[in-house]
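Here's the letter readout for the chains.
Protein chains: 2
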Amino acid sequence: MTAALSSTSTKRTLDLGPAVELVSKEEGHRQPLAPEFVSAEDFSPLEVAYDFGRVRREDIEAGPRNIWRYKKLLPVPSNVEEIPNTEPGCTRLVRADRLAKALGLKRVWVKDDTGNPTHSFKDRVVAVALAAAREFGFDTLACPSTGNLANAVAAAAARAGWQSVVLIPSSLERAKILTTAVYDGNLIAVDGNYDDVNRLATQLAAEHETWAFVNVNVRPYYSEGSKTLAFEVAEQLGWRLPEQIVVPIASGSQLTKVDKGFREFGKLGLVEETPYKVFGAQATGCSPVSTAFRNGHDVVQPVKPDTIARSLAIGNPADGPYVLDTVNRTGGAIEDVSDEEVVEGIRLLARTEGIFTETAGGVTVATAKKLIETGKLDPDAETVLLITGDGLKTLDAIEGQVGPKATVPPSVDAVRRALES
Amino acid sequence: MTAALSSTSTKRTLDLGPAVELVSKEEGHRQPLAPEFVSAEDFSPLEVAYDFGRVRREDIEAGPRNIWRYKKLLPVPSNVEEIPNTEPGCTRLVRADRLAKALGLKRVWVKDDTGNPTHSFKDRVVAVALAAAREFGFDTLACPSTGNLANAVAAAAARAGWQSVVLIPSSLERAKILTTAVYDGNLIAVDGNYDDVNRLATQLAAEHETWAFVNVNVRPYYSEGSKTLAFEVAEQLGWRLPEQIVVPIASGSQLTKVDKGFREFGKLGLVEETPYKVFGAQATGCSPVSTAFRNGHDVVQPVKPDTIARSLAIGNPADGPYVLDTVNRTGGAIEDVSDEEVVEGIRLLARTEGIFTETAGGVTVATAKKLIETGKLDPDAETVLLITGDGLKTLDAIEGQVGPKATVPPSVDAVRRALES
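Quick mapping for you: the protein sequence lines, in order, are chains U and B.
Going by the UniProt record's numbering, the residue at position 235 of the first sequence is 235; the numbering climbs one at a time, nothing skipped.
Going by the UniProt record's numbering, the residue at position 161 of the second sequence is 161; the numbering climbs one at a time, nothing skipped.
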């Protein structure tokens, strides 16, 4: 029994804002809001259902400059912005004309989520998970992770004054260990690979009633945080939807939630319900969803990941089938790119727009390029690229690829010769 | 002769917004706006003077969510926000109650400038320098640097489609080389120390009429960008000034410009002219301004830097005397802290607020702690700490200081034992 389900007299009313119940994705079984993630009826993932009431642009515009401006569309308490949190979101949407020209596209926007508190979109989902977890009575924020999620969970817990338990494979690079350990939570290195760590997390979630594993037992709430990427893009475009959007695929959750966000904005009348296409991006070394799309399948065959895009390296993506649904429904496509193309994608974005993304962003840029070359992305349609993480965290990817133009003695002539060469 | 001073028929009218002339800091000699940085009359630094006219809160609030909302207070063209730029600024100001409690302060705000495009405040000053440099007819953005400035210049030039020339000591760490080289400008490694590189930059600035060295020939414009830190703090506090602010000191420019920003807001009636105190923070290993303050001097004796806070390691700070003026005028103080205290400052901010800062931020936090202990900072007064750079760039500082709590086999019992130990 979790703390949330406790029936003691101290139990207070659950306030998750507009969220009213959980619904199973396959057969639509409904159940009360709780820290659960799989339907006991049809064993499919549970998703949050809402009763939004009326939401107006003015209400959103008058809100804080972070994801809580959209709190009336998220499973979070009504006073969420008043409780200490990392205040993620409202990152830059930049018009990328130089990238557009290089790609042969008419108009491109880059949603640069490296501006978040720990420099990836994970701050969004973790903030929503923490807010919901607090309502359910948890007191510890936890996750298995190899990178961005570990940073986001440890930072969010520190800011909130919560305990954290972050599980990582003991073989993780020193830099990634440092950037999590600095927040002084309970960082536990596990002798094993990421699959071992993940399995351990599921066991621990079942045994510790006060631990909210953001991507396990509170996953339905956590994943809703990705909708804020869509909300921001639409608001930043001047309250309208783009025609095309390219989204990287790891578990696939983000892609489906971006679509959900656009649809919710449309249904609520916050934007006109203009058509848009959702495109998915994977690294060839971990491309189960792209492969399924190419073969016209509606299920996804798991793979063993082997790519430098480690933040996307989920071989058995939980939301794979729903990604295929979304992409097919909107008329988009999915492609995958080699590790060499990923690095070229990183470098292309850096040299054209001054934005240094991690490998996942390289996947997005390189996939956009491939989708244009194969005629799947319309070069005349307005396109948004989601850049969800920071290059500072994956320096290995460009090691040996970039460097100084020259090394010279300290003289004006030497610099001149170096520049002319 | 620089391009700016060319008298060909293609010369257009200079539009630097409200900027009207340059004034020498010592004797107030006035001269026309130009890419110059030292007065030929009294050899003191030149500063931008303005004719602001009327500036209203509503105009600012209706502006873009970046530093250009303050364009009517900066030496930039009237249409600056329409020209591709990195769009820095509007970073988080977070109420830091847990840090306040740890420090024994009543109310603390952290201005977290790690959210900028290349994760330091340098994006602000470089954006202003680039905007002014374009007006003067330059076509290449340049700087000598060992870190944050190199990143900011290379990224800003890439985004604008400009050439860049970034000079670094060849001994620089591989990570700092990569994070600049990725933007694909002209990164030149110079065999020599930072002083050699700096000298070379001054020589090159004199010889290349189309190169804008942001911190040399366009320095008066560049340095104005730091005012936006003050503008944002005041606006984010709800259009009022804080009572105390702690600012790290490298050249000292930022501290004097934060003060200038507060005064401009006050004079323009954008905020009430309430009293505030400006405090300066240095690392003991490079503390010439702190030493001068302690000894009651009004000049600053140069030192040879030896500290892990390398982004503050300027042994002969150009604005040192003006820092002393500002701190004395406002009733503040300056302190310095050991490298050990810097690391503890980094860790304190991370564990209380989930913000991972570079060594300069550690200097700010540790100095605030020391200023409280010595009774110079009023614990009951509202205090702002400027956190101007990102911990991801100075991982060496915490290497060996933080790490996993334990390394365990993949079992629930092992995790439990690790957490109980």
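Everything labelled a hint here was simulated from the structure, so no lab data went into it.
Hints should not be assumed to be uniformly reliable.
Stated by the list, open to error - Taking lysine to aspartate or glutamate pairs in the DMTMM-like style, the calculated list, with each CA pair at most 20 Å apart, reads:
| hint | chain 1 | residue 1 | chain 2 | residue 2 |
| --- | --- | --- | --- | --- |
| 1 | B | K176 | U | E243 |
| 2 | B | K405 | U | E399 |
| 3 | B | K176 | B | E382 |
| 4 | U | K106 | U | E81 |
| 5 | B | K176 | U | D184 |
| 6 | B | K106 | B | D380 |
| 7 | U | K176 | B | D396 |
| 8 | U | K405 | B | E82 |
| 9 | U | K176 | B | E173 |
| 10 | U | K106 | B | E399 |
| 11 | U | K405 | B | D380 |
| 12 | B | K405 | U | E420 |
Next on the checklist: Output the indices of the hints that this structure fails to meet, ascending.
Outcome noted: Numbers 1, 2, 3, 4, 5, 8, 10, 11, 12 - these are the hints that the structure violates, sorted from lowest upward.
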